[in-house]
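Visitor: Chain by chain, the residues:
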Amino acid sequence: MKEFKNAIVTGGTRGIGKAIVYELAKNGYNIGLNFLKSINEAIKIKDDIEKNYNLDVLLLKGDISISDNVKNIVNHFIEKFGSIDLLVNNAGITKDNLIIRMKPEDFLEVINVNLTAAFLMIKEVLPNMIKNKNGSIINISSIVGIYGNTGQANYSASKGGLISLTKSIAKEVASRNIRVNAIAPGYIETEMTSILNDDLKKNIIEKIPLRRFGKPEDVSKLVTFLASPESSYITGQVFIIDGGLSLGF
Amino acid sequence: MTKEEVMEKFKKVFVEKTGIEDFKEEDKFIDDLGLDSLGVMDVITGLEEEFNITVPDSDIPKIKDIKSALDYISSKV
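Chains as they are written, first to last, in the numbering used here: chain A, 47 to 295; chain B, 5 to 81.
Chain B on its own, in the form it takes in the complex (with noise of 0.2 Å):
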């Protein structure tokens, strides 16, 4: 998958979940983009549906902002 797949995937998510269309990479999901815990793992929760991969709870840590994010999804697929 390349680079823009991935993050067209994940665009439709983030949208969907979050209502957020305007973001950028390096925003952190909590300070930057003013998500909460919930939200954050209901981002997470869609991605693995999205992307067809399953992120183990000791993952999620490392998912804190957009690019962390997009990193992520691009190692699993």
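Chain A with its partners taken away, still in its complex shape (with noise of 0.2 Å):
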């Protein structure tokens, strides 16, 4: 019989999220699909994945900044499918400007959905894996949150936040067998990235050794990596994937 084993991916609907979601559905996982707002998007995505991979997909709708949503989700979860064995903290957003510029309310935005969401999940979940003594936790972080970026002070800091939020957590719960990696991407092709205009994009890609965005499937191959019993002995690391650009020449 087929071991299926159990995912939560935040922000599946779109992007890298919907990629990883995709990989882990090859890869045999039934998948947990956090989302905010694209409902039409996710149903989608279920059904296509339920029909071609004979998985169950669990939409979890909400917002993962507040604490009782989380609770909620992981709950839900976790009735359903018995255990968790992989948490994807995908989910987050931009609110760019320069710093003189950004509105407070703008900051703490971007940091409560790409970091405080996270550690309400993470914290939600290892219950679950520290019960099981497995499980393995997979931050999506950015370049720019090693390096910084000029009008991303929020986005930034929220990304380099949890880069130590993994390695922190990651030395909390080695002893249950339960690693914690982030993954840096750099520019990645989605929509958060298809913004940027055309002058602008032959500008980084002249920037970047390999001369081309990333694809989603880049970051959601490492992460099923990550995910599986091969990358064991792998913990508290930062993984970069931008195709040579913070090589910086």
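Fair warning: there could be bad hints in the mix.
Unchecked claim - Restraint-style ranges between C-beta atoms, simulated for each label pair:
| hint | chain 1 | residue 1 | chain 2 | residue 2 | range |
| --- | --- | --- | --- | --- | --- |
| 1 | A | G128 | B | D36 | 31 to 39 Å |
| 2 | B | P60 | A | P150 | 38 to 46 Å |
| 3 | B | D31 | A | I145 | 41 to 49 Å |
| 4 | A | I241 | B | V81 | 29 to 37 Å |
| 5 | A | G282 | B | T6 | 43 to 51 Å |
| 6 | A | K83 | B | D35 | 48 to 56 Å |
| 7 | B | K80 | A | G128 | 30 to 38 Å |
| 8 | B | I64 | A | G282 | 22 to 30 Å |
| 9 | B | V81 | A | K83 | 23 to 31 Å |
| 10 | B | P60 | A | I250 | 45 to 53 Å |
| 11 | B | D61 | A | S129 | 48 to 56 Å |
| 12 | A | D109 | B | K71 | 40 to 48 Å |
| 13 | B | K80 | A | K261 | 48 to 56 Å |
To be verified - The calculated lysine to any residue pairs, modelled on SDA-like cross-linking and capped at a C-alpha distance of 25 Å, are:
| hint | chain 1 | residue 1 | chain 2 | residue 2 |
| --- | --- | --- | --- | --- |
| 14 | A | K117 | B | V19 |
| 15 | B | K16 | A | G294 |
| 16 | B | K13 | B | K71 |
| 17 | A | K179 | A | I254 |
| 18 | A | K179 | B | M5 |
| 19 | B | K15 | A | E125 |
Calculated directly from the structure, the hints in this document are not laboratory data.
Values in this document were obtained by computation on a predicted structure and should not be read as measured data.
Yeah, the Cβ is synthetic: ideal placement off N, Cα and C, and Gly gets one too.
With the hints as a guide, bring the two chains together.
Guide: See the structure below:
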């Protein structure tokens, strides 16, 4: 009998999150698909995966920067699947502006969605993972969380926070065979980067040694590796996927 | 809640969280039962849910062994 594993992916209806959902489905995971607004897309993904992969997709709509919502979402997931093996904290937003023009509420909203939500999700799934002495948590950070970026003080602070969160929690739960890692993508072809104008894109590509934006699948393949027992000796690490951009030449 | 009821609920949480079924009231969580700090926190969080109580962080050092946990719960319920 095929052994099913159970994963929650936050922000799973678009971009990198959607690619992660599909890659996990290919690898036999039942999926809790969290999203905030895109109900139609979520239903489409659920129907598609359930039809083509013979797995269950549980739709988990809700704002996960609110503690009570996170509790409900995780309880609902565990009631259905019994355990959680993998959490992918992918949900993220941008509210870019130069710091002198950045509104405090835009700073806080980005921190809440990108960082606080990850904290809340991890906190809620850990009792189940601790009980099972098994689990993998993957936080989708960003290279700007390491290097910073003009106009993204809020976003880069949230993504940098995710990296330190990853390392601290990795130390706290390693004794329970729970691994926590972060992925720091560079420029990936998603809705988030589609707003960049063509001149800017051209400029960026010239700085990327591999001379292209990454694809969401470039990230999702690493997620399945970090989720699998094949990476069982890797924890607390940050993996940059940026086509070499951060090499800086 | 009677002492027996507290013990019964405590045991349910403790066994679920630690897998340890055989313990005595005087057993210390860390020295005798081999829990680490995460294990103790996990038990305390489970007890908070089971008994619907809140254990403030400042009270956590008071809960060092089975007996002090049972006494603490009894004082709260």
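Visitor: The structure should be examined with respect to each hint, and the outcome stated for every one.
Guide: Here's how the hints hold up against the structure:
As the Cβ distance of G128(A) to D36(B) is approximately 32 Å, the hint placing it in 31 to 39 Å holds. A hinted range of 38 to 46 Å is violated for the C-beta pair P60(B) and P150(A), which are about 31 Å apart. Roughly 55 Å separates the CB atoms of D31(B) and I145(A), a value that falls outside the hinted 41 to 49 Å. Checked against the given bound of 29 to 37 Å, the beta carbons of I241(A) and V81(B), roughly 56 Å apart, lie outside it.
The hint said 43 to 51 Å for the Cβ distance between G282(A) and T6(B), and at roughly 46 Å that hint holds. The given range of 48 to 56 Å is respected by K83(A) and D35(B), whose C-beta atoms sit roughly 52 Å from each other. For K80(B) and G128(A), the hinted distance range of 30 to 38 Å is satisfied, since their beta carbons lie about 31 Å from each other. As the Cβ distance of I64(B) to G282(A) is approximately 26 Å, the hint placing it in 22 to 30 Å holds.
Separated by about 43 Å at the C-beta atoms, V81(B) and K83(A) break the suggested range of 23 to 31 Å. Take P60(B) and I250(A): their Cβ atoms lie about 51 Å apart, and the range 45 to 53 Å holds. For D61(B) and S129(A), the Cβ-Cβ distance of about 29 Å falls outside the hinted range of 48 to 56 Å, so the restraint is violated. In this structure the hint that D109(A) and K71(B) lie 40 to 48 Å apart at CB holds, the actual value being about 43 Å.
For the pair K80(B) and K261(A), the supplied restraint of 48 to 56 Å holds, since their beta-carbon distance comes to about 55 Å. Under the criterion of a C-alpha separation no larger than 25 Å, the hint pairing K117(A) with V19(B) is consistent with the structure, at around 23 Å. At most 25 Å may separate the alpha-carbon atoms for a hinted pair to count; K16(B) and G294(A) exceed this at roughly 57 Å. The hinted pair formed by K13(B) and K71(B) meets the criterion: a straight-line CA distance of about 14 Å does not exceed 25 Å.
For a cut-off of 25 Å, the pair hint linking K179(A) to I254(A) is broken: about 41 Å separates their Cα positions. Our distance criterion of 25 Å between C-alpha atoms is broken by K179(A) and M5(B), whose separation comes to about 33 Å. For a cut-off of 25 Å, the pair hint linking K15(B) to E125(A) stands: about 23 Å separates their Cα positions.
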